[in-house]
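Q: Chains as they are written, first to last, in the numbering used here: chain A, 1 to 307; chain B, 1 to 275.
There may be inaccurate statements among the hints.
Some, not all, of what chain B presents toward chain A, calculated at C-beta under 10 Å [claimed, not checked]: (1) LEU30; (2) ARG43; (3) PRO50; (4) GLN221.
FYI, nobody ran anything at the bench for these hints, they're computed from the structure. Ideal Cβ placement from N, Cα and C applies to all residues, glycine included.
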Amino acid sequence: MQSQGREDQGKLSGTDAANSGGARKFLGFGIGLRPKHYPEILGHWPRVDWFEVITENFLVAGGRPLRVLEAVRARYPVVLHGVSLSVGSADPLNFDYLRRVRALIDWVEPAWVSDHLCWTGVGGVNLHDLLPLPFTEETLRYVIERVRRVQDFLGRQILLENVSSYFEYAHSTIPEGEFLGAVAEGADAGILLDVNNLYVNATNHGFDPLQYLAALPVERIGQIHLAGYADRGTFLHDTHDHPVWPPVWQLYRAAIQRFGWVSTLIEWDAAIPPLDEVLAEANKARAIAEDVLYGRQELGAGTAPAQ
Amino acid sequence: MGDKNLERVQRLLSKLIRAPEGVAPALPELAGEERSLWEGLIRPHGTLDPVARLDIYANMYFFRIRDALADDFPVLRATIGPERFHNLVTDYLLAHPSRSFTLRDVGASLPGFVRRHILLQDWPWLGDLATLEWAVVEAFDAADSEPWNAARVATVPAEEWGSRRVVWHPSLRVLRSEFPVHGPWQRYQNGDSLGALSAGETWLRVWRRAERVFVVPVCPQEGQALGFGGALGLLAEELAAKLGEAAAAQQLAVWIAEWVEAGLVCGLEPVTCPR
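Can you build the whole structure from these sequences, using the hints too?
A: Rendered as structure tokens:
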């Protein structure tokens, strides 16, 4: 039985959470809540630090999805992760959608809320994909203003995730990591750092992922995603259908060294294995974080967070 | 509307990603401004050219939606086969690109689209089947409501029944079909072969009880009664005109007992204006 109580809602603070261990909410090492695992979760309440749920899957009137979420929320910390904010779209913000998200937030009381730094459609047509933005000063100003409006409407800070991408705009002028950091700073938002996406993009576009990590403001990192990609030969595809690959674990190690204790989540959305295998990946992340940070603590360079 | 340049770029990319034959065949059709916008838009890098890079998104766009529709219309797909289903989705997306924030809604217009599709020549029941499958989708996550049990129903004074109407469970859908499409739907659930269908008027009630969706054929009179929104007294009068007063009262009592047992009745509310 999971015994953690509900975490208080709250914004990421502006302090250096990596070292304070108290300002940034640390939930531990969680997994995505997926229907394939519902019977085992609802039947046995396995030990899981926390769950992330896809917001849109629960923007429904009733039925099984909401009953499952209600039961899970009563026993585990839950985070809402959206895919439809489309904060970088040229279309107006969809306030009908945001109203529904806000109602779900009020009901679920998630530890935090996240979505992606991307656009998903334009002209009223949804591509149901997370498309990259041109990293320009003009886009930066545009997105910052939109993120601020979203946060004002939701009445809370959100975390923005870096998306995997398969092309870059020739007119981009700002490195991706700097752009993400500048959006977070400019809008006073948090960052959900997807380490797999970072590795995929670094490979697909030929940049140094460590420089990317160095460009991110430490105090803005609120969560980390880990997942598996597929190697298509000419590019890496962010498929979420494999275990986390060794180079992504290596990059995760580097991220933890820089950012400290950050709530980490395993995403597995296709070819989903039994729950134990997904939890094993979460425990592998835990072992790496402990190895990096307890080792660092022994050297007097950090402290473990209170859980 | 924000950044106009951003809008032009996104509209161009959306158009190319949704092009039915892929990105490359769509490029020659680009007009002047779009063509100049496309030239040099994507940074060349490595072995993948810009067209191949955008095609990754084009493929994901189509396959993600096709797979979502296959999840929502599995019997339709099994009936016509995966290749025709693939082509049907291609046609559908050209006519009905997704305008919802959620993939859950992407199939909302498919039943109507199928009713006008050439596939109907070979499978005339396809539109009715798609309508049934979409009703199942809607029932699955319709709003919750607590059904009344028999004891609660019995608390309504007998003299008030005639001026009350049934509050149905929000998941209830009543369908009238030209074909008994619940047959292939049920056979698919059982893992049996689908078989052909002969025409025949069919009424179906689709609803969710607890977390399970049920599809049950009913007689035309019950189908019409389920769709009747007025007071039970008026419903009894309509039935009496067809069955006679005593038989109508008996039939209505049987139906109400069944509806309560099935979890369809979520209230018996007074009707201020019976008609």
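Q: Now tell me if each hint is right for this structure.
A: Outcome of the hint check:
Taking 10 Å as the C-beta contact cut-off toward chain A, the hint placing LEU30/B at the interface is violated, the least distance being around 16 Å. With its C-beta approaching chain A no nearer than about 4 Å, ARG43/B sits inside the 10 Å limit, and its interface hint holds. With a least beta-carbon distance of about 7 Å to chain A, the hint placing PRO50/B at the interface is held under the 10 Å criterion. This hint is violated: GLN221/B has a C-beta 29 Å from the nearest C-beta of chain A, more than the 10 Å allowed.
Checked against the numbered hints given earlier, the structure breaks hints 1 and 4 and satisfies all the rest.
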